[in-house]
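*Asks:* These are the residues of each chain, in order.
Number of protein chains: 2
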Amino acid sequence: MYEVYINAVRGNSLFKGIKDNDLLSLLECTRPEVISFQKGETVIMSGEKLKGIGIVVSGGVDVIKETAGGDRYIFAKLGRGAVFAEAAAFLNPSIAPVTVASAGKSEIMFLPAERVIFSCEKSCNFHSIMIRNILEILSNKAMLLNKKIEYLTIKSMRGRISAYLLNIYNKSKKTSFKIPYSKSDLADYLGVTRPSMSRELGRMRDEGIINFNGRDFEIIDLNRLAGSVKY
Amino acid sequence: MYEVYINAVRGNSLFKGIKDNDLLSLLECTRPEVISFQKGETVIMSGEKLKGIGIVVSGGVDVIKETAGGDRYIFAKLGRGAVFAEAAAFLNPSIAPVTVASAGKSEIMFLPAERVIFSCEKSCNFHSIMIRNILEILSNKAMLLNKKIEYLTIKSMRGRISAYLLNIYNKSKKTSFKIPYSKSDLADYLGVTRPSMSRELGRMRDEGIINFNGRDFEIIDLNRLAGSVKY
DNA sequence: TACGGTCTGTAACCATGGCTACAAAATCAA
DNA sequence: TTGATTTTGTAGCCATGGTTACAGACCGTA
Numbered sequence: 000m001y002e003v004y005i006n007a008v009r010g011n012s013l014f015k016g017i018k019d020n021d022l023l024s025l026l027e028c029t030r031p032e033v034i035s036f037q038k039g040e041t042v043i044m045s046g047e048k049l050k051g052i053g054i055v056v057s058g059g060v061d062v063i064k065e066t067a068g069g070d071r072y073i074f075a076k077l078g079r080g081a082v083f084a085e086a087a088a089f090l091n092p093s094i095a096p097v098t099v100a101s102a103g104k105s106e107i108m109f110l111p112a113e114r115v116i117f118s119c120e121k122s123c124n125f126h127s128i129m130i131r132n133i134l135e136i137l138s139n140k141a142m143l144l145n146k147k148i149e150y151l152t153i154k155s156m157r158g159r160i161s162a163y164l165l166n167i168y169n170k171s172k173k174t175s176f177k178i179p180y181s182k183s184d185l186a187d188y189l190g191v192t193r194p195s196m197s198r199e200l201g202r203m204r205d206e207g208i209i210n211f212n213g214r215d216f217e218i219i220d221l222n223r224l225a226g227s228v229k230y
Numbered sequence: 000m001y002e003v004y005i006n007a008v009r010g011n012s013l014f015k016g017i018k019d020n021d022l023l024s025l026l027e028c029t030r031p032e033v034i035s036f037q038k039g040e041t042v043i044m045s046g047e048k049l050k051g052i053g054i055v056v057s058g059g060v061d062v063i064k065e066t067a068g069g070d071r072y073i074f075a076k077l078g079r080g081a082v083f084a085e086a087a088a089f090l091n092p093s094i095a096p097v098t099v100a101s102a103g104k105s106e107i108m109f110l111p112a113e114r115v116i117f118s119c120e121k122s123c124n125f126h127s128i129m130i131r132n133i134l135e136i137l138s139n140k141a142m143l144l145n146k147k148i149e150y151l152t153i154k155s156m157r158g159r160i161s162a163y164l165l166n167i168y169n170k171s172k173k174t175s176f177k178i179p180y181s182k183s184d185l186a187d188y189l190g191v192t193r194p195s196m197s198r199e200l201g202r203m204r205d206e207g208i209i210n211f212n213g214r215d216f217e218i219i220d221l222n223r224l225a226g227s228v229k230y
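Line by line, the protein sequences are chains A and B.
Taking numbering that gives the first Met the number 0, the leading residue of the first sequence gets 0, the next gets one more, and so forth.
Taking numbering that gives the first Met the number 0, the leading residue of the second sequence gets 0, the next gets one more, and so forth.
FYI, nobody ran anything at the bench for these hints, they're computed from the structure.
Beta carbons: idealized from backbone N, C-alpha and C, even for Gly.
Take the hints with a grain of salt, since some may be wrong.
[Stated by the list, open to error] Simulated restraints, written as ranges between beta carbons of each label pair: (1) B:N6 with A:T41: 43 to 51 Å; (2) B:G10 with A:R202: 49 to 57 Å; (3) B:Y230 with A:G207: 34 to 42 Å; (4) A:N91 with B:K172: 18 to 26 Å; (5) A:T41 with B:S12: 32 to 40 Å; (6) B:N169 with A:K182: 29 to 37 Å; (7) B:Y230 with A:I219: 30 to 38 Å; (8) A:N91 with B:N169: 15 to 23 Å.
[As the list claims (entries may be wrong)] Far from chain A, by Cβ distances over 10 Å, these chain B residues were calculated: (9) L22; (10) E47; (11) R114; (12) F125; (13) M142; (14) M156; (15) K177; (16) R202; (17) D205.
All chains, please: the whole structure from these sequences, using the hints.
*Replies:* Here's what the structure looks like:
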């Protein structure tokens with residue numbers, strides 16, 4: 000019965016390194032539940048018990064944060080192949096910290112965390128591959144979150160921008176690169192408003208520290224860029 | 000040779016649920032390296048390859064962030080029993096994102112990540128317990144980091160304070176509680192300056208929303224507290 | 001090529017909250 | 001108890017960056 004999903008989940012970070020026929024056994028062994036949702040339907044309700052790790056098999060979902068006051072805002076948009084609730088699923092009790100709603104039609108696979116952890120009777124050896132994958136996913140997530148906190152900890156906007164650009168520079172060792180965000184998304188990510196960031200970027204260009212055009216950025220004065228990062 | 004460390008690592012979150020004699024086998028099987036450091040010595044150098052997951056066996060360490068400009072500041076202080084580098088250790092390549100220095104004399108155990116993941120020839124079954132522990136540690140960490148980002152995403156200081164207090168209220172369902180931070184530490188955690196926070200707390204008290212004394216807080220007007228959380 | 005939608009730059013206005021400095025209070029060790 | 005150290009409250013000053021508003025640029029679609 001899981002044959003139909005093989006194509007959809009093949010190559011997913013959760014199943015990396017598992018061959019197709021093993022993947023089918025794995026699914027039959029862990030028996031994930033696959034549920035279809037219509038646009039707007041609730042996939043996960045904040046505060047409720049989780050069915051397991053979520054995998055977007057088709058369509059997409061919105062991760063929604065609700066404020067104590069009742070406002071809602073979209074925290075993240077996830078497309079096909081995305082894995083969510085991977086951290087909360089391994090906690091006891093596993094309570095969803097956010098609400099997830101279907102954006103359009105979608106199919107979501109819920110993989111019970113305990114069936115991942117405990118080897119089955121047949122003790123299929125790809126369990127251990129999946130566990131390694133999960134460790135990698137969780138570690139990656141923790142690193143990304145740490146990075147973001149690092150930026151948000153910097154008080155001045157120029158500092159945040161500089162730290163962000165320097166981080167890319169340090170990884171690529173190139174002073175010219177393309178950033179993966181639009182300007183508005185970058186402003187969001189850095190926790191500042193778009194017009195303010197636009198103004199600051201303009202200043203930094205005027206001062207001869209950087210240059211940019213669309214998503215292409217160039218670091219002109221590496222020293223002054225580094226100098227503006229103060230925590 | 001690992002007998003001397005049993006007492007120090009027993010009860011550590013990494014070894015939770017493993018009995019003493021199993022623990023000894025586990026250590027002999029995973030062969031962690033234990034190194035002594037003097038005050039100020041570098042335990043981990045940012046950018047270098049990690050020896051594995053770090054466990055503070057005795058003494059304490061400081062986690063140090065270095066800015067691109069060369070400034071250093073203490074990101075966290077870890078005491079006996081603390082586990083560090085648990086996320087970076089599972090990545091490939093496993094590069095330290097921060098510097099860790101010994102505060103005073105200390106003994107640090109480095110547990111190679113790959114020896115945790117891959118079951119040994121004897122396939123000791125406590126491997127799987129440890130893996131579950133690590134999954135829990137990483138998940139917990141991701142949840143904590145997420146929570147912090149949630150606070151930092153809120154623009155107004157009153158909103159951050161309110162979200163923080165409401166979070167405690169939601170967990171305890173009590174309107175009176177003791178917070179685990181000093182005021183200055185709380186200000187740090189929420190990413191604001193202490194005098195500013197002090198001023199804002201005073202205002203909230205004047206307006207009859209909260210009351211506090213030292214680390215004891217009382218929520219007086221839950222609705223208005225919830226109303227000030229805006230992302 | 002005309003249209004709607006989204007993204008981006010710019011500018012003026014001003015509120016939030018950072019900074020500094022000082023004194024009172026609390027905590028701790030001797 | 002006393003003195004030293006850390007934590008906390010308070011106040012004034014003002015810079016950073018949020019807000020709003022508008023117009024031009026850009027993009028995909030029909």
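*Asks:* Are the hints correct? Go through all of them and say.
*Replies:* Tested hints:
1. B:N6 with A:T41: 43 to 51 Å: 49 Å, holds
2. B:G10 with A:R202: 49 to 57 Å: Cβ of G10 of chain B to Cβ of R202 of chain A: about 54 Å, so the range 49 to 57 Å holds.
3. B:Y230 with A:G207: 34 to 42 Å: 36 Å, holds
4. A:N91 with B:K172: 18 to 26 Å: Holds, at about 20 Å.
5. A:T41 with B:S12: 32 to 40 Å: Taking Cβ atoms as reference, T41 of chain A and S12 of chain B lie about 34 Å apart, which means the hint holds.
6. B:N169 with A:K182: 29 to 37 Å: 36 Å, holds
7. B:Y230 with A:I219: 30 to 38 Å: 35 Å, holds
8. A:N91 with B:N169: 15 to 23 Å: 18 Å, holds
9. L22: 20 Å, holds
10. E47: 14 Å, holds
11. R114: 13 Å, holds
12. F125: Non-interface label stands for F125 of chain B: nearest chain A Cβ at 14 Å, farther than 10 Å.
13. M142: 6 Å, violated
14. M156: For M156 of chain B, whose nearest Cβ neighbour in chain A is about 13 Å away, the distance exceeds 10 Å, so it holds.
15. K177: Given that every Cβ of chain A is farther than 10 Å from that of K177 of chain B, nearest at about 20 Å, it holds.
16. R202: 18 Å, holds
17. D205: 21 Å, holds
When held up to the earlier numbered hints, the structure conflicts with hint 13 and nothing else.
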